[in-house]
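Protein chains in written order, with the working numbering: chain F, 1 to 114; chain R, 115 to 227.
Keep in mind that the hints were calculated from the coordinates and are not lab data. Quick caveat: nothing in here was measured; it's all calculated off a predicted structure. You may find that some hints are simply not true.
Said to hold, decoys possible - No more than 25 Å apart at the CA atoms, straight line, and that leaves these computed lysine to any residue pairs for SDA-like:
no., chain 1, residue 1, chain 2, residue 2
1, R, K214, F, R15
2, R, K214, F, A89
3, R, K214, F, Q17
4, R, K116, R, K214
5, R, K116, F, R22
6, F, K102, R, R155
7, R, K156, F, N7
8, R, K156, F, R84
9, R, K156, F, P96
10, F, K44, F, E57
11, F, K102, R, R174
12, F, K51, F, R22
13, F, K44, F, P61
14, R, K184, R, Y163
15, F, K51, F, E40
16, R, K181, R, T164
17, R, K156, F, G28
18, R, K214, F, I76
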Amino acid sequence: NAGVMQNPRHLVRRRGQEARLRCSPMKGHSHVYWYRQLPEEGLKFMVYLQKENIIDESGMPKERFSAEFPKEGPSILRIQQVVRGDSAAYFCASSPRDRTEKLFFGSGTQLSVL
Amino acid sequence: QKEVEQDPGPLSVPEGAIVSLNCTYSNSAFQYFMWYRQYSRKGPELLMYTYSSGNKEDGRFTAQVDKSSKYISLFIRDSQPSDSATYLCAMSALDQGAQKLVFGQGTRLTINP
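Chain F extracted, bound-state conformation (with noise of 0.2 Å):
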């Protein structure tokens, strides 16, 4: 059973450019949690998604970010016009059931913003 899939590892941008990084959950898992972990900081939550929902988004920077789980396909997390301080690891969890902590984690996209 394969584990959370998450590409790319490792994402150059320059700064105004988007970055896309793309989460497959694990298989029979319908829901999807976006963590970022800045250097030297913990994981912090950004968004929870269920196919073709965003139940919680309250982690998320209200401008230039976004995230979609679509029905078909993995879960996306946008950001648009990067800038340096955008420059983190950004990992991606699953779960089978929503009200759940116990939760797999992808080995993370590190994107870093020239």
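With chain F fixed as given, assemble chain R onto it according to the hints.
Relative to the frame of chain F, chain R by itself:
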């Protein structure tokens, strides 16, 4: 003040030593307490999960929660070089679910052979 405080270390101990990792928190609503282990360039992996106060043991690992002091600990007995990783505490309030997980900064642990 951060909701969850964790000493970032680094912590370096010899193989076979008992390791104690700790977190303090300020939100008395937290009811679920977890420890994740994160190897370099990997995602966090759930290690221990406890609800409310008390101890939980799993092999060489013991998780301890003291809600009166708002203090949680992870003990590793007979530590091995393969235990070298960053350990993250995480917690959430009742009925909040995973979207409200609050993580500590992580403690980098090295076990020396």
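Structure-based check of each hint:
Between K214 (chain R) and R15 (chain F) the CA atoms are separated by roughly 30 Å; this puts the pair beyond 25 Å, and the hint is violated. In summary, the hint linking K214 (chain R) to A89 (chain F) is supported, as the alpha carbons are separated by about 19 Å, within the 25 Å threshold. Proposed proximity of K214 (chain R) and Q17 (chain F) is contradicted: the alpha carbons are some 30 Å apart, above 25 Å. Our distance criterion of 25 Å between C-alpha atoms is met by K116 (chain R) and K214 (chain R), whose separation comes to about 15 Å.
Proposed proximity of K116 (chain R) and R22 (chain F) is contradicted: the alpha carbons are some 30 Å apart, above 25 Å. Note on K102 (chain F) and R155 (chain R): the hinted pairing holds, with a Cα-Cα distance of about 21 Å set against a maximum of 25 Å. The hinted pair formed by K156 (chain R) and N7 (chain F) meets the criterion: a straight-line CA distance of about 13 Å does not exceed 25 Å. Note on K156 (chain R) and R84 (chain F): the hinted pairing holds, with a Cα-Cα distance of about 23 Å set against a maximum of 25 Å.
Restraint check: the Cα-Cα separation between K156 (chain R) and P96 (chain F) comes to about 21 Å, which is no more than 25 Å; the hinted pair holds. This hinted pair checks out: K44 (chain F) and E57 (chain F) have alpha carbons roughly 12 Å apart, not beyond 25 Å. Taking the CA atoms of K102 (chain F) and R174 (chain R), the gap is near 20 Å; set against the 25 Å cutoff, the hint holds. Between K51 (chain F) and R22 (chain F), the direct Cα distance comes to roughly 14 Å. Compliance with the 25 Å bound is thereby established for this hinted pair.
Of the pairs offered as hints, the one joining K44 (chain F) and P61 (chain F) holds, with about 12 Å between alpha carbons and a cut-off of 25 Å not exceeded. Under the criterion of a C-alpha separation no larger than 25 Å, the hint pairing K184 (chain R) with Y163 (chain R) is consistent with the structure, at around 16 Å. Taking the CA atoms of K51 (chain F) and E40 (chain F), the gap is near 32 Å; set against the 25 Å cutoff, the hint is violated. Taking the CA atoms of K181 (chain R) and T164 (chain R), the gap is about 12 Å. The hint holds against a cut of 25 Å.
For the hint linking K156 (chain R) to G28 (chain F), the alpha-carbon distance of about 22 Å falls within 25 Å, and the restraint holds. Restraint check: the Cα-Cα separation between K214 (chain R) and I76 (chain F) comes to about 20 Å, which is no more than 25 Å; the hinted pair holds.
When the structure is compared with the earlier hints, violations turn up for hints 1, 3, 5 and 15 and for no others.
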